[in-house]
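Dock chain B against the given chain A, drawing on the hints supplied.
Residue numbers (this note's numbering), protein chains in the order written: chain A, 4 to 645; chain B, 61 to 238.
Mixed in with the good hints, there may be bad ones.
Listed below are the simulated DSSO-like cross-link pairs for lysine-lysine, each with C-alpha atoms no more than 27 angstroms apart in a straight line [unchecked claim]:
no.	chain 1	residue 1	chain 2	residue 2
1	B	Lys-124	B	Lys-73
2	A	Lys-621	B	Lys-224
3	A	Lys-601	B	Lys-229
4	A	Lys-285	B	Lys-100
5	A	Lys-581	B	Lys-197
6	B	Lys-188	A	Lys-502
7	A	Lys-581	B	Lys-188
8	A	Lys-152	B	Lys-100
9	B	Lys-133	A	Lys-297
10	A	Lys-591	B	Lys-229
11	B	Lys-100	A	Lys-297
12	B	Lys-229	A	Lys-580
Just so you know, the hints here were simulated from the structure itself, not pulled from any lab data.
Now for the letters of each chain:
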Amino acid sequence: MSRINSLAELEEFRKGILSKRDPNKPCITLCSGSACHASGSEEVAAIIEEELEKQGLSSSVDFRKTGCHGFCERGPIIVIHPEEICYLQIEPKDVPEIISQTIKEKKVIERLLYTDPGANEKIIHESEIPFYKYQERLVFGSNGNIDPKRIDDYLAIGGYSALAKVLFRMTSEEVLSEVKKSNLRGRGGGGFPAGSKWEGSRNALGEIKYVIVNADEGDPGAYMDRALLEGNPHSVLEGLTIGAYVIGSHEGYIYVRQEYPLAVENVNIAIKQAQEYGLLGKNILGSGFDFTVKVHQGAGAFVCGESTALMTALEGRAGEPRPKYVRSNVVGLWGRPSVLNNVETWANVPLIINNGADWFAQLGTENSKGTKIFSLVGKITNTGLVEVPMGMTLRDIIYKIGGGIPGGKRFKAVQTGGPSGGCIPEELLDLEVGFDELTKAGSMMGSGGMIVMDEDTCMVDVARYFLDFLTDESCGKCVPCREGMRQMLKILTNITHGKGKEDDIELLEELSETAGDASLCALGRTAPNPFLSTLRYFRDEYEAHIKEKRCPALSCKELIAYHIDPKKCQACMICLKKCPAEAIAGGKNRIHVIDQEKCTKCGTCFEVCPPRFGAVQKISGEPVPAPIPEEARTIIRESKQK
Amino acid sequence: MKAGSAMLSPEVKEQKWIRGKKQIRKATMVNERIDQIIDKHQGEASSLIQVLLEIQSENHWLPKEALERVSEKLHVPLTRIQHIATFYKAFSLVPKGRHEIHLCVGTACHVRGATRVLDTVQDLTGIKPGETDLDLKFSLQTVNCLGCCALGPVMDVNGKTHGKLAPSKIAEVLKNYE
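Bound conformation, chain A alone (with noise of 0.2 angstroms):
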């Protein structure tokens, strides 16, 4: 392929995509996202060309291999174009079916499709699926649609018109007003307007200046921005590119966890095809702007998501952030102008130049405009990315569009923001989600992770969680992070284990605003975040804690205690064999007991009861019954009476 020198070669280029493409033409998407890969989509993949070429159709249907769709529940999935059949949970031995039924017969398979659990209807089309009706897929929807390997795929839906209009038909001044206007806030965490960021770096002097994505996605149980770099990588590229375009850059940087192999992988790909078409590079579409983009692997290190760490380690150096008494847009990398922003963020860009600000910002609420990618996970029925207008409340996302809580559980609070967030509860559910929102209720948006939590969550426990995570990860630069937190992760370890004073919540409390006033940056700003949602929505669990050394929730080890109920086991030696502490006595006919010297309080007893017998408990803040005397253990059944 040769590269295109110019606005209208670009037309026709994709002009030309776009003639050889027929929209009637079947076409199977199938994700290929982190969670589908682990739950066999590559296995699929391979049955489907094979399939394909054995049945004859290799050249009259198209098979694309998609990024994240979003529905992680439900993976591997498949999407049939151009009717829409969206197929869940698929396995390679369905394969054969739905090319011969669905591809040549154009039948639907009913088994394979999503049950409405509400009306019991089976569904035919994705995007009448409730998890998916209710989102509003702007920036994330097209990864359904993409082989994020093929830059032809991105021509086709239109992809890097926002860029060659921005070169062409308007000049930086007039790009920088328009995403000013739009009012996009930073996706990463901070919440920072990005027209302001880049009109900082834009007026700062010297020749050199940089933009970079923050594509350091550390937060525990978020992955969106994973999906979008895997799934999309050049709507981020292009986002970038725009962006260097304002500031007057000419060199820009990914940094990219080495966690994230695919993301590595397709970035670098996406990277390269935009070079060869003239896209990247120098004098890009012919209009004499230059601007390279690097990849850069970061090592594993959650502070480097901070903006001065991430600088820092690009560098080649640890990453360790510095006092900001100069924004990093005015002195960053290298002592340079440099803008850094988070993947979400990059990838809105384009969607704003091409619809304009003014449709961008009549979404959301008054000062959270457009949309935010969240993950949904933890104790949801529908686990996955979901794409929502800011402004949806939290009882939408995870009622409607989430499915609720599964098991017949009682829900008990989100947990917003990943580590420098907090735990908004059950009250507070019809919050609409917005920067400012989720942060007057104790949390923050942070990069949009949605961690949901029912009655089996022992919130002293999260707290517990957050700041192990945060001692382990902060840098070590300051003493009220280093130390304070250490001293917190230690009391409130206490705490869960039964060894909680009374005076605890208040020195707790008084570190919290020692690191909150006193840490360098936002990683020891934030940490004391997680305990002080909690204490502020939970506090009696905390006091069960302290006061009566019992876990309300039944999840502390430490305070917890198996039982096997003597009036309702039946002696049917499942756990009797699966106890891997070989901790429980009783054989065929004889009611099961438990040693509590030997029990590792693993739970593999609780897991394997049969439902129907329930016999196995959990017991918190009471002594464990006695067991019962051995001679009265043999169970006569009734049947054997006869």
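Coordinates of chain B only, in the frame set by chain A:
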């Protein structure tokens, strides 16, 4: 507990240790390969992390000799290399086992019981996170999100994902690795 290296006899430990040593010697990288990696990055000191990552990914750990070679070629003091190699989680200064277990302890997996799964893995392998057993069979590491929260709790062994885990399923999974 049924398994765990703590219960092995001294003779068995010795044998395992010798077997492990042999494997380490076999795995140590030669200088030419390290030079190739450095040249690929145009010998720039700023690419230090990228160079170390590449050595780590090929060799699975960073032997002292390799670090010395990098220090010499990139003109970076060894102390700075040590700082980096210990700061970032991707690097290991000790050899890794034949099978690398990455157990997800991200928030989604945590609320679904990853801690109990981790306890069981520790009991069965006899090693804690960050450790490798004596005969270099398993290395255990906890990670913060594998990106497949729908399958949580999740564990990845040599790149293969095992999802929807429970303490009772671990022995079955680990049995497959020799």
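Status of each hint after checking the structure:
1. B:Lys-124 to B:Lys-73: 25 angstroms, holds
2. A:Lys-621 to B:Lys-224: It holds: about 22 angstroms lies between the C-alpha atoms, which stays within 27 angstroms.
3. A:Lys-601 to B:Lys-229: Distance of about 20 angstroms is within 27 angstroms: holds.
4. A:Lys-285 to B:Lys-100: 22 angstroms, holds
5. A:Lys-581 to B:Lys-197: Holds, because 25 angstroms separates the two Cα atoms, which is no more than 27 angstroms.
6. B:Lys-188 to A:Lys-502: 24 angstroms, holds
7. A:Lys-581 to B:Lys-188: 23 angstroms, holds
8. A:Lys-152 to B:Lys-100: 24 angstroms, holds
9. B:Lys-133 to A:Lys-297: 23 angstroms, holds
10. A:Lys-591 to B:Lys-229: 24 angstroms, holds
11. B:Lys-100 to A:Lys-297: Holds: Lys-100 of chain B and Lys-297 of chain A sit about 14 angstroms apart, inside 27 angstroms.
12. B:Lys-229 to A:Lys-580: 13 angstroms, holds
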